[in-house]
Amino acid sequence: MRKIVIDPVTRIEGHAKITIHLAGDGSVERTQFHVTQVRGFEKFTEGRPYYEMPAITARICGICPVSHLLASAKACDAIMAVRIPPAAVLLREAIHCGQIAQSHALSFFHLSAPDLLLGMDADPAKRNVLGLAEKHPEIARDGIALRKFGQRVIERLAGERVHPAGIVPGGVQSPLDAAGRDAILKELPEARNIAWRTLDLFKCILDGFPSEIATFGKMPTMYAGLVGADGNLALYDGRIRFQSATGAIVAEIDSTQYADYMGEASLTDSYLKAPYFKPLGYPAGIYRVGPLARLNIAGCCGTPAADVELREFRERFGPVVDSSFHYHYARLIEVIYCLERLQMLLEMPAILDRHVRSRAEVNALEGIGVAEAPRGILIHHYKVDERGAMQWANLIIATGHNNLAINRSIEQVSRFYVKGNRLQEGMLNRVSAVVRAYDPCLSCSTHAGGIVPLRIELLGPQGEKLDEVTSGA
Amino acid sequence: MAPEGVLIIGYGSPLRGDDAAGPLAARRLAARGFQALEAHQLTPELAEPVATARTVVFLDAHAGLAPGTVSVKRLDAREEPLSLLEHYASPGGLLRLARMAYGAEPEAWLIEMGGEDFELNHRISPAAQRAVARAIQEVMRCTNQELSKI
Numbered sequence: 001m002r003k004i005v006i007d008p009v010t011r012i013e014g015h016a017k018i019t020i021h022l023a024g025d026g027s028v029e030r031t032q033f034h035v036t037q038v039r040g041f042e043k044f045t046e047g048r049p050y051y052e053m054p055a056i057t058a059r060i061c062g063i064c065p066v067s068h069l070l071a072s073a074k075a076c077d078a079i080m081a082v083r084i085p086p087a088a089v090l091l092r093e094a095i096h097c098g099q100i101a102q103s104h105a106l107s108f109f110h111l112s113a114p115d116l117l118l119g120m121d122a123d124p125a126k127r128n129v130l131g132l133a134e135k136h137p138e139i140a141r142d143g144i145a146l147r148k149f150g151q152r153v154i155e156r157l158a159g160e161r162v163h164p165a166g167i168v169p170g171g172v173q174s175p176l177d178a179a180g181r182d183a184i185l186k187e188l189p190e191a192r193n194i195a196w197r198t199l200d201l202f203k204c205i206l207d208g209f210p211s212e213i214a215t216f217g218k219m220p221t222m223y224a225g226l227v228g229a230d231g232n233l234a235l236y237d238g239r240i241r242f243q244s245a246t247g248a249i250v251a252e253i254d255s256t257q258y259a260d261y262m263g264e265a266s267l268t269d270s271y272l273k274a275p276y277f278k279p280l281g282y283p284a285g286i287y288r289v290g291p292l293a294r295l296n297i298a299g300c301c302g303t304p305a306a307d308v309e310l311r312e313f314r315e316r317f318g319p320v321v322d323s324s325f326h327y328h329y330a331r332l333i334e335v336i337y338c339l340e341r342l343q344m345l346l347e348m349p350a351i352l353d354r355h356v357r358s359r360a361e362v363n364a365l366e367g368i369g370v371a372e373a374p375r376g377i378l379i380h381h382y383k384v385d386e387r388g389a390m391q392w393a394n395l396i397i398a399t400g401h402n403n404l405a406i407n408r409s410i411e412q413v414s415r416f417y418v419k420g421n422r423l424q425e426g427m428l429n430r431v432s433a434v435v436r437a438y439d440p441c442l443s444c445s446t447h448a449g450g451i452v453p454l455r456i457e458l459l460g461p462q463g464e465k466l467d468e469v470t471s472g473a
Numbered sequence: 001m002a003p004e005g006v007l008i009i010g011y012g013s014p015l016r017g018d019d020a021a022g023p024l025a026a027r028r029l030a031a032r033g034f035q036a037l038e039a040h041q042l043t044p045e046l047a048e049p050v051a052t053a054r055t056v057v058f059l060d061a062h063a064g065l066a067p068g069t070v071s072v073k074r075l076d077a078r079e080e081p082l083s084l085l086e087h088y089a090s091p092g093g094l095l096r097l098a099r100m101a102y103g104a105e106p107e108a109w110l111i112e113m114g115g116e117d118f119e120l121n122h123r124i125s126p127a128a129q130r131a132v133a134r135a136i137q138e139v140m141r142c143t144n145q146e147l148s149k150i
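Chains L and Y are the protein sequences, given in the same order. Under this note's numbering, read the first sequence as residues 1 to 473, first letter to last. Under this note's numbering, read the second sequence as residues 1 to 150, first letter to last.
Fair warning: there could be bad hints in the mix.
Calculated cross-link-like contacts (lysine to aspartate or glutamate; reagent style DMTMM-like; alpha-carbon spacing at most 25 Å) [what the hints assert, rightly or not]:
#1 L/126 with Y/105
#2 L/135 with Y/76
#3 Y/73 with Y/105
#4 L/273 with L/260
#5 Y/73 with Y/38
#6 L/135 with Y/107
#7 L/126 with Y/76
#8 L/186 with Y/48
Every beta carbon over 12 Å from chain Y, so not counted as near; a handful from chain L, in silico [unchecked claim]:
#9 41
#10 102
#11 110
#12 128
#13 137
#14 139
#15 143
#16 149
#17 160
#18 163
#19 177
#20 249
Where chain L lies over chain Y, by a calculated footprint (3+ residues, C-beta under 8 Å) [unchecked claim]:
#21 20-28
#22 62-70
Because the hints were derived from the structure by calculation, they are not lab data. Bear in mind the structure is a predicted one, so any value in this text is a computation, not a measurement. We put the beta carbon where it would ideally sit given N, CA and C, even for glycine.
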């Protein structure tokens, strides 16, 4: 059997490789997505005081530390058995909106726009954000400005742009004053204009990708995500909804019941576990999370402009949108939602309340915190002793939920694009691009990207090299 | 008095001992009136303030330099090797992005400071402190040279 290895997959967060096994006739027999790094946070936090967990686990990720802060702080709230002040709830959600906007901007402008705007077959030396800036400087400027806006929201509300300390067990560290609120509100209209401009642009280029739409993980799977009490999109808090491939609600559970419905399979050739819907077993219980899943399961977004866009999205692709290529589209709709929701939150007078933190000792020996990270449901589950020392932790990172779906998507794309003994960079770029559509966050605590060398070898049955493509180095 | 149009960007991790030399130098220059930014690492959105500056000075710790010494390099966006900008950006990559996205070509310098301890801690070694002091001297020299051209 011959094998193609894409190592590393580029323009994703973290380190992964893809193996494509070829049959004798050059067709794709099977594929495998390998995550090649281990984090170990679940183990090495044992023994630490529970109240350190938000600060420690925020270091899991440099892109979405706020999500870890939120899920961790919520798990700590449960251990303290406190109800946090209303202003703290509003501030936490506002910070979250800023983070999702900046993370989605990073995914679209910096990681995927080079494929979408320069072309999947463009010169790989220029298929990056610098190439994008050269050809479309106005779009590069928009990307920089939108990400900067989201980071400034985090900085203003939580102290720092990366790894802020503002979200703590029992609430948030500091109240918001009117000047801080007004500063964000002043910048919001321009951020919203950028979001609309970008979505309009994306709609215009979408028809140029019919094959990608048809093969980038276009498949029936379940979807999972948080919904509010009204059944609408909820990013900070809600119940976990599981929906079938045809749109039927299969289960809707309190987040504390997650372990009854989510199993985690260990894979022999990847450090990333593969969660599945327990009632259907592994691997039949495959489901997708993240922007596409959230828009599929939600009744509506709950903000005016995002709902207009969601209606158009469904009119165009159906009530359940099943191609993972449309993660990009869903992500841009969510940016609009986050900016609208941020404005709503900031205009609530209660957000300026000075009481923002509840204090308590250990009142429960177990706590579960769940939030929607940019990439999907994030679960932190802790057990502590009477003194509050961590005894056990289980973290289910958003990207993990999509592991099975990413694997299937890679196989679908590979079967369509990869054929024969002659490698073309563009076809292998599509194999990487389907991974990028999910915007996986694999490294978490590792940020180094830089010049990423890519070497793809096509090996014969006896291991002889048939072809090789290299870039970077 | 700090020269106008000069942007200082000091970057490095405050959790990695001498790697914090860049932000520390930036903080000290801010106290002298410079427009100075501190960052864990360079990110693409810094291209915007880079593009509005007349002169940019990047300050970074360097494990490969002799402890306590500094290295001063003049940067030119056109001559810098192509560097990707994903989660990590090089000074040259930022300059290229500023040129391509904003049409700006500020004068730019990279001043690197030799450290000796990059393990997990919050301390700056005496050698790195010396390098920070020398780097500040170099910033004053570089920016005064730029001013003298006006």
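Structure-based check of all given hints:
Between residue 126 of chain L and residue 105 of chain Y the CA atoms are separated by roughly 20 Å; this keeps the pair inside 25 Å, and the hint holds. Among the hinted pairs, residue 135 of chain L with residue 76 of chain Y is consistent with the structure: their alpha-carbon atoms are about 21 Å apart, no more than 25 Å. For the hint pairing residue 73 of chain Y with residue 105 of chain Y, the CA-to-CA distance comes to about 16 Å; that is within 25 Å, so the pair holds. Restraint check for residue 273 of chain L and residue 260 of chain L: satisfied, since their Cα atoms lie roughly 17 Å apart, inside the 25 Å limit.
Between residue 73 of chain Y and residue 38 of chain Y the CA atoms are separated by roughly 20 Å; this keeps the pair inside 25 Å, and the hint holds. Restraint check: the Cα-Cα separation between residue 135 of chain L and residue 107 of chain Y comes to about 24 Å, which is no more than 25 Å; the hinted pair holds. Our distance criterion of 25 Å between C-alpha atoms is met by residue 126 of chain L and residue 76 of chain Y, whose separation comes to about 20 Å. Between residue 186 of chain L and residue 48 of chain Y the CA atoms are separated by roughly 19 Å; this keeps the pair inside 25 Å, and the hint holds.
Listed as outside the interface, residue 41 of chain L is consistent with that label: its C-beta sits roughly 15 Å from the nearest C-beta of chain Y, beyond the 12 Å cut-off. The beta carbon of residue 102 of chain L sits about 9 Å from the closest Cβ of chain Y, which is not more than 12 Å, so the claim that it is off the interface is violated. The claim that residue 110 of chain L lies off the interface is violated: its Cβ sits roughly 6 Å from the closest Cβ of chain Y, which falls inside the 12 Å cut-off. Remark: the non-interface label on residue 128 of chain L conflicts with the geometry, its nearest Cβ contact in chain Y lying 5 Å away (cut-off 12 Å).
The beta carbon of residue 137 of chain L sits about 5 Å from the closest Cβ of chain Y, which is not more than 12 Å, so the claim that it is off the interface is violated. Remark: the non-interface label on residue 139 of chain L conflicts with the geometry, its nearest Cβ contact in chain Y lying 9 Å away (cut-off 12 Å). Not every C-beta of chain Y lies more than 12 Å from that of residue 143 of chain L, the closest at about 8 Å, which undercuts listing it as non-interface. Distance to chain Y contradicts residue 149 of chain L as a non-interface residue, since its nearest Cβ pair spans about 9 Å, not more than 12 Å.
Not every C-beta of chain Y lies more than 12 Å from that of residue 160 of chain L, the closest at about 9 Å, which undercuts listing it as non-interface. Distance check for residue 163 of chain L against chain Y: the nearest CB is about 8 Å away, which does not clear 12 Å, and the non-interface claim fails. Every CB of chain Y lies more than 12 Å from the CB of residue 177 of chain L, the least distance being 23 Å, so the non-interface label holds. Every CB of chain Y lies more than 12 Å from the CB of residue 249 of chain L, the least distance being 37 Å, so the non-interface label holds.
Judged by the Cβ-Cβ criterion of 8 Å, the segment 20-28 of chain Y is not covered by chain L as claimed, because only 0 of its residues qualify and three are needed. With 0 residues carrying a beta carbon less than 8 Å from a beta carbon of chain L, the segment 62-70 of chain Y misses the three-residue requirement, and the given coverage is violated.
Hints 10, 11, 12, 13, 14, 15, 16, 17, 18, 21 and 22 from the list above are not met by this structure, while the remaining hints are.
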